[in-house]
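Q: Let the hints inform the model, and build the full structure from the sequences given.
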Amino acid sequence: MNTSIAEFTHGEQRVLQALKRLPERQYYFKHEPRLNTDGHNSKPDFVVIDALRGVIIIEVKDWVEIVSADQKTFVIRKRDGEKEEFPNPYSTAERYAYDLDRLFKTKPELWARYKGKERLLFPWQPMVILPNIQQIVIEQMEAKAVIPAHCFIGGEMLKSITALEQAIANLPWRFKITGTFTRDIREIIRGIIDPSIVVEDQNGQQVGPLTITQENLVKESLRLFASQQLALPVENTPPSESTSDLQIRLIRGVAGSGKTLVILKRARWIRETHPDAEILLLTFNRELADTLERRLGDNCRVINFHRLCAEILRDIWHTPLNKRNWLEKNMASEIEDLKLPREFVADELTWRVEEGLLTDDSYLAADRTGRGYRLDKSKRQIINQIFKHYGNMKKNNQQSRRNWFDWEDIPFLVEERLQKVAHPYHGKYDTILVDEAQDFTPSWMRVVKLLVKPGGFLSLCDDPTQGIFHNYNWKQKNIPVVGRTTILRIPFRSTFEISSAAHALIDADEILNKSLERTLPDFTSYELFSGTVPELLVCGNAVNEHLAVVNRVENLIDDDIPTSQIAILCHHWSLIDQWRDLVARGVYVNSFDKTKGLEFQAVFVPHLHSFFSPEDDVEIISAKRRKVFMAMTRARHSLYISVQATVSDALSPILGSVSVNNIGL
Numbered sequence: 032m033n034t035s036i037a038e039f040t041h042g043e044q045r046v047l048q049a050l051k052r053l054p055e056r057q058y059y060f061k062h063e064p065r066l067n068t069d070g071h072n073s074k075p076d077f078v079v080i081d082a083l084r085g086v087i088i089i090e091v092k093d094w095v096e097i098v099s100a101d102q103k104t105f106v107i108r109k110r111d112g113e114k115e116e117f118p119n120p121y122s123t124a125e126r127y128a129y130d131l132d133r134l135f136k137t138k139p140e141l142w143a144r145y146k147g148k149e150r151l152l153f154p155w156q157p158m159v160i161l162p163n164i165q166q167i168v169i170e171q172m173e174a175k176a177v178i179p180a181h182c183f184i185g186g187e188m189l190k191s192i193t194a195l196e197q198a199i200a201n202l203p204w205r206f207k208i209t210g211t212f213t214r215d216i217r218e219i220i221r222g223i224i225d226p227s228i229v230v231e232d233q234n235g236q237q238v239g240p241l242t243i244t245q246e247n248l249v250k251e252s253l254r255l256f257a258s259q260q261l262a263l264p265v266e267n268t269p270p271s272e273s274t275s276d277l278q279i280r281l282i283r284g285v286a287g288s289g290k291t292l293v294i295l296k297r298a299r300w301i302r303e304t305h306p307d308a309e310i311l312l313l314t315f316n317r318e319l320a321d322t323l324e325r326r327l328g329d330n331c332r333v334i335n336f337h338r339l340c341a342e343i344l345r346d347i348w349h350t351p352l353n354k355r356n357w358l359e360k361n362m363a364s365e366i367e368d369l370k371l372p373r374e375f376v377a378d379e380l381t382w383r384v385e386e387g388l389l390t391d392d393s394y395l396a397a398d399r400t401g402r403g404y405r406l407d408k409s410k411r412q413i414i415n416q417i418f419k420h421y422g423n424m425k426k427n428n429q430q431s432r433r434n435w436f437d438w439e440d441i442p443f444l445v446e447e448r449l450q451k452v453a454h455p456y457h458g459k460y461d462t463i464l465v466d467e468a469q470d471f472t473p474s475w476m477r478v479v480k481l482l483v484k485p486g487g488f489l490s491l492c493d494d495p496t497q498g499i500f501h502n503y504n505w506k507q508k509n510i511p512v513v514g515r516t517t518i519l520r521i522p523f524r525s526t527f528e529i530s531s532a533a534h535a536l537i538d539a540d541e542i543l544n545k546s547l548e549r550t551l552p553d554f555t556s557y558e559l560f561s562g563t564v565p566e567l568l569v570c571g572n573a574v575n576e577h578l579a580v581v582n583r584v585e586n587l588i589d590d591d592i593p594t595s596q597i598a599i600l601c602h603h604w605s606l607i608d609q610w611r612d613l614v615a616r617g618v619y620v621n622s623f624d625k626t627k628g629l630e631f632q633a634v635f636v637p638h639l640h641s642f643f644s645p646e647d648d649v650e651i652i653s654a655k656r657r658k659v660f661m662a663m664t665r666a667r668h669s670l671y672i673s674v675q676a677t678v679s680d681a682l683s684p685i686l687g688s689v690s691v692n693n694i695g696l
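Numbered per this note's numbering, the sequence shown spans residues 32 to 696.
Derived from the structure by calculation, the hints contain no laboratory data.
Just to be clear, a hint being listed does not mean it is correct.
[Stated by the list, open to error] DSS-like cross-link-like pairs, simulated, lysine-lysine; straight-line CA separation at most 30 Å:
no., residue 1, residue 2
1, K146, K109
2, K136, K207
3, K354, K408
4, K103, K114
5, K138, K190
6, K370, K410
7, K354, K109
8, K408, K419
9, K425, K354
10, K354, K625
11, K51, K146
12, K370, K459
A: Here is the structure:
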């Protein structure tokens, strides 16, 4: 329904505007669907689904004067005064209707027995619209039996929603629908008239069409190539901060609601409608980028953020410093004094750089709300010492021409280069699509804005409940998403049982549940797939846990589940090696942070007894719950969670949604 206006005739534009005014809850329409039947394509001007009455096949003619007409032929006078003969447009609409009927016959779900015969659950009806012809002329043709009664309408009927709806009601429908279309029936018809919105699983099997909301996001119009000149930045705003000229769409959705699917389909749609557009799809991690690249082919450039940065910094690129390893080797006593995890200290140093807290005083005065592990002045002073030592080491390395920057420095270095208009990546892309955008920091987003052309389009997908690396809102990232956000609430990916268990963890979290950016799932609009209840394995020891997981993996393989569709997701990379026997068999094993955006038929989340600590405060518990939630929602059909000895209080909210199995206790 988002076809470019340039593709419409003048009469079709008038019809389009009239159809857009019809109530969306009752009507759905598609312009020029390609109906592939018996090896040939037919293309009616519009197909309309009326949930109360049936399907309408519309033929639109821009004729300005009808000279003569009979049941077979119309003679019209063109604007230049010449006459031309055409077939009766009702016959054309009727032929399209029979083509569509043949497609309906391929779907058994659309048929039922009535009085001993098979018939469609709904009627279809041809209709002809003549936007430039007065209704009185049409009535004269009806009186002479040239055209069937109530099947043609003129321009007057397009001026009023009431008049158009009355004209649709007056069509000679062959029978009445009992009630209204079910949602499933409507979705099947939508998939028939627009195969491009049909979704296939990884095995190539059709699983249904995009929802109407998803389709509108895929086909949202964009103005490209409006200006080849660089737009002037907003006054007093650095070039990388200006968003006044950008088109922005935030797609916010619950886990499994189809955000990634939407941007994949959108990338293809942009390529089809704008063949010359420069398109970039950015992801957080390499695994997701590789997966999307395989699915998209040559439709656009797909790359993860840091790999793109490495291209831009090619002349100075080296393997970035590992902050955590440096802390372990050089700051062990200071970290011991802090009594904080090394990973947290490394993240605190990263946060300081992102926030620009580069001096001792600025850090001591900083508001750390939401950071977890409240730090008194003495602990902040120790952090200051560590920060200073780390900075001095980097300076010394740079002067000695050794590795000197770390992962967190990279976006700042790239931003500095892209500020130069002459840089080949400055304003290179007409549209950029960002998946898992909740984990893109403010500095990352400044880089993204420098990569897109003035007037370009940013499509951003996020779910704050899955933010496992960073916790910045869009105001902090200086991206205006108010009024530019579409919410996807239906968790299609996972079974109802898996989604319920995962969201139980979020519902019980006092921070996540109160977040203004949280998206509540909708379990009612569609009938979600049902499956087995997730299993919580409470094991006596590590041996019991390993055997329990391996046995269940064996059962899945016996049930013909491909090993590539079985995943073991660990909360820390050091745990991965414990599953090397399954890796050798093709099972996917990785840490939480490597699996964002991926999905599998079956998922195991082991070792959760060692994830939560009694010293964790509410903010740390909330951050860890987000990670567990993300891991749980990678599962489509089967989910297994395992702990040793006891279930942490932080994990207890899922107990009412899982089947508990004690092993070796």
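Q: Taking the hints in turn, state whether each one holds.
A: Structure-based check of each hint:
| no. | hint | result |
| --- | --- | --- |
| 1 | K146 x K109 | 49 Å, violated |
| 2 | K136 x K207 | 19 Å, holds |
| 3 | K354 x K408 | 23 Å, holds |
| 4 | K103 x K114 | 17 Å, holds |
| 5 | K138 x K190 | 37 Å, violated |
| 6 | K370 x K410 | 9 Å, holds |
| 7 | K354 x K109 | 76 Å, violated |
| 8 | K408 x K419 | 16 Å, holds |
| 9 | K425 x K354 | 11 Å, holds |
| 10 | K354 x K625 | 19 Å, holds |
| 11 | K51 x K146 | 38 Å, violated |
| 12 | K370 x K459 | 47 Å, violated |
The structure is inconsistent with the numbered hints 1, 5, 7, 11, 12, although it conforms to all the rest.
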